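Trainee: Each chain is listed here by its residues.
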Amino acid sequence: MSIENPAASSDGSWVFRADNVTKTYDNGKSFANDAISLEVHPGEVYGLLGPNGAGKTTLVKQVIGLLKPTSGSIMLGSFDLVDDPDVARQLCSYLPQAQMPIDSFKAHEAISVAGAIRGGPRTAVKERGEALIAALELDEWRDTLGARLSGGVRRLVGFIMTVVWPGRVVILDEPTNDVDPLRRRLMWEQIRMLGQEGSAVFLVTHNVMEAEKSVDRLAIINEGKLIAAGTPSSLKSDDSDRLRLQLMLSPGEPTPELPEVVIRHTRAGNNLITEIPEDAAAAGINWARHMITDGIAEEYALGATTLEDVYIRLTGDVASGRVR
Amino acid sequence: MTAVELAQTGSLPQKRKGAIHWWRSYTAMLRWEITNMRLLLPITILVQAISGAGIVLGFGLLIPAMEPATAKYLSTGAVVVTLILVGLVLGPQLVAQQRMSGSYDFMWSLPVPRTASSAAWLSLNTLIAVPGMVAALVAAALRYDIAFDISPGVVPAVLFTLITGTLLGYAIAHAIPNPEVTMVVSQVMIFVIFGFSPISFPAENLPGWIAGLHRYLPFEHMANTVRGSLVDGLATDIGHSYLVLSVWAVLATTITAAVLGRRG
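So the protein lines, in turn, are chains V and W. The numbering used here applies: residue 8 is where the first sequence begins, and numbers increase by one. The numbering used here applies: residue 10 is where the second sequence begins, and numbers increase by one.
Since the hints were derived computationally from the structure, they do not count as laboratory data. Please note that the accuracy of each hint is not assured.
[Stated by the list, open to error] Keeping only pairs whose Cα atoms sit at most 30 Å apart, straight-line, the calculated DSBU-like set for lysine-lysine is:
id: 1; chain 1: V; residue 1: LYS232; chain 2: V; residue 2: LYS243
id: 2; chain 1: V; residue 1: LYS243; chain 2: V; residue 2: LYS36
id: 3; chain 1: W; residue 1: LYS24; chain 2: V; residue 2: LYS133
id: 4; chain 1: V; residue 1: LYS36; chain 2: V; residue 2: LYS75
id: 5; chain 1: V; residue 1: LYS220; chain 2: V; residue 2: LYS232
id: 6; chain 1: V; residue 1: LYS220; chain 2: V; residue 2: LYS243
id: 7; chain 1: W; residue 1: LYS26; chain 2: V; residue 2: LYS36
id: 8; chain 1: W; residue 1: LYS26; chain 2: V; residue 2: LYS133
id: 9; chain 1: V; residue 1: LYS133; chain 2: V; residue 2: LYS113
id: 10; chain 1: V; residue 1: LYS36; chain 2: W; residue 2: LYS24
id: 11; chain 1: V; residue 1: LYS75; chain 2: V; residue 2: LYS232
Just so we're clear, the structure is a prediction, and the values are computed from it rather than from any experiment.
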């Protein structure tokens with residue numbers, strides 16, 4: 008079905024544009040966001056990646072009007088979202104990182120009230136809500152009180168509350184947290200669907216592997232700055248002639264001396280990740296086998312570089328901790 | 010998927026505004042607030058009713074043989090205390106809880122006018138407060154065998170009291186970022202209102218400077234207008250009290266609007 012959308016502009020297209028968005032605290036001494044500029048088009052799923060505290064959430068809170076930029080502009084089509092936070096809230100929907108306050112709501116009630124609050128007509132909201140409950144396989148919890156839902160199911164209900172009557176920009180902050188792998192896949196299908204229906208989706212995450220598979224474009228943010236942006240493949244292009252050689256070190260082993268072919272290495276726990284040139288594959292494997300024979304490592308894996316390698320190179324962050 | 014498809018392609022919709030948008034937002038938010046309180050609503054209303062009646066009956070224990078005039082004075086005071094406490098306790102509690110659970114951001118990212126959210130909140134407070142007021146009046150009538158002279162003025166008097174109390178509580182809760190501080194401030198206000206406000210006793214009983222202060226604070230005037238609407242002859246200069254209360258109601262509304270519209 009279609010909803011009436013009286014046109015605000017007649018050109019039939021719009022774009023989300025953040026221009027030099029800067030947010031400082033302590034009288035300009037600390038930068039939560041430092042001159043971030045990006046552009047997102049309808050239908051795109053756009054990833055915002057970065058380590059904890061990088062400024063991703065600060066950025067989206069400025070889009071939705073919860074924070075005001077110190078300087079810079081945020082435009083959606085001809086609407087100035089900084090000047091008019093009311094219109095920002097109407098045109099953008101937001102799934103925050105924290106769980107939704109739905110203890111006293113049955114899942115389907117939370118969804119229909121959220122749809123009404125978002126301005127959706129009653130029957131259409133109901134229809135779409137039920138369809139989303141079915142699509143995410145949540146039928147058995149439809150009538151369960153929020154207080155009795157597991158973290159993952161609650162997260163999914165929160166997701167439906169956000170998209171049951173979505174804004175043109177849908178902001179999802181770590182949407183798949185706590186969600187089981189099966190439903191995670193279903194959720195991604197729905198996120199893709201939002202794009203096809205014409206929304207622009209902002210996906211805030213530090214799960215690089217997941218993002219690589221699901222986003223059209225992404226920006227990597229670190230210490231408040233946008234340090235790289237593009238499609239997953241374009242970001243990997245610098246690393247195209249390289250391979251990732253990963254060693255699982257024996258517990259307690261210090262990082263061994265590395266052969267000359269290693270261009271870069273990072274370590275997270277017992278996991279030693281190295282990058283080597285493609286034509287040094289044989290030398291790399293030799294070395295890795297040697298490490299296993301000597302009892303320094305337990306196993307190794309050789310593969311194409313991933314977005315995670317790019318991410319690690321740019322941010323110095325490894326999923327669970329800092330690079331040593 | 011089989012979900013209802015949205016025709017979102019193309020240009021952006023116009024901004025929603027005006028009375029219809031406001032009314033829809035108000036009813037949706039009221040639905041949200043009532044459902045949100047649903048598990049606690051019956052017990053909250055009951056506690057409100059019991060405490061309203063309890064305060065009235067408690068006065069009888071303090072003063073065993075009470076003159077009808079005194080009984081009227083004290084029980085109308087109890088009515089005002091129950092009306093004020095709802096707004097000053099419930100708002101700070103709820104907002105503190107939202108801040109601690111992290112759901113505060115979600116609530117304030119919703120596309121509804123701030124005034125519609127506040128009005129929904131005020132309506133919920135009214136729903137909770139009125140039974141307490143009725144219980145206090147019924148308890149007083151039965152216990153002290155007194156008749157009230159309820160005039161239509163009760164509606165504006167109660168409304169002004171509720172608006173000012175609820176919105177002040179709401180504004181305090183939103184203005185203070187730290188939920189623990191919010192709770193302390195709310196406790197202090199309860200203490201001040203119970204102990205040092207001329208609601209159940211005349212202002213003359215207080216030290217001069219506190220009595221002077223209360224000429225400008227809303228509490229004495231809440232008591233005066235509500236009392237004037239419930240009994241004859243115990244309240245004086247009601248017009249002046251309404252004037253002071255109007256200023257406070259406007260002030261509370263303005264502060265609330267400013268605090269809610271503020272972006273960090």
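Trainee: It remains to establish, for every hint, whether it holds in the given structure.
Mentor: Okay, the hints, checked on the actual structure:
1. A hinted pair counts as satisfied when its Cα atoms are at most 30 Å apart, and LYS232 (chain V) with LYS243 (chain V) qualifies at roughly 19 Å.
2. Restraint check for LYS243 (chain V) and LYS36 (chain V): the C-alpha separation of about 34 Å exceeds 30 Å, so the hint is violated.
3. Under the criterion of a C-alpha separation no larger than 30 Å, the hint pairing LYS24 (chain W) with LYS133 (chain V) is consistent with the structure, at around 23 Å.
4. Under the criterion of a C-alpha separation no larger than 30 Å, the hint pairing LYS36 (chain V) with LYS75 (chain V) is consistent with the structure, at around 17 Å.
5. Under the criterion of a C-alpha separation no larger than 30 Å, the hint pairing LYS220 (chain V) with LYS232 (chain V) is consistent with the structure, at around 24 Å.
6. Distance restraint check for LYS220 (chain V) and LYS243 (chain V): the Cα-Cα separation of roughly 13 Å lies within the 30 Å cut-off, and the hinted pair is therefore satisfied.
7. Straight-line distance between C-alpha atoms of LYS26 (chain W) and LYS36 (chain V) comes to about 39 Å, which puts the hinted pair past the 30 Å bound.
8. At most 30 Å may separate the alpha-carbon atoms for a hinted pair to count; LYS26 (chain W) and LYS133 (chain V) meet this at roughly 24 Å.
9. For the suggested pair LYS133 (chain V) and LYS113 (chain V), the alpha carbons sit about 14 Å apart, so the restraint of at most 30 Å is met.
10. Restraint check: the Cα-Cα separation between LYS36 (chain V) and LYS24 (chain W) comes to about 36 Å, which exceeds 30 Å; the hinted pair is violated.
11. At roughly 17 Å between alpha-carbon atoms, LYS75 (chain V) and LYS232 (chain V) fall within 30 Å of each other, so this suggested pair holds.
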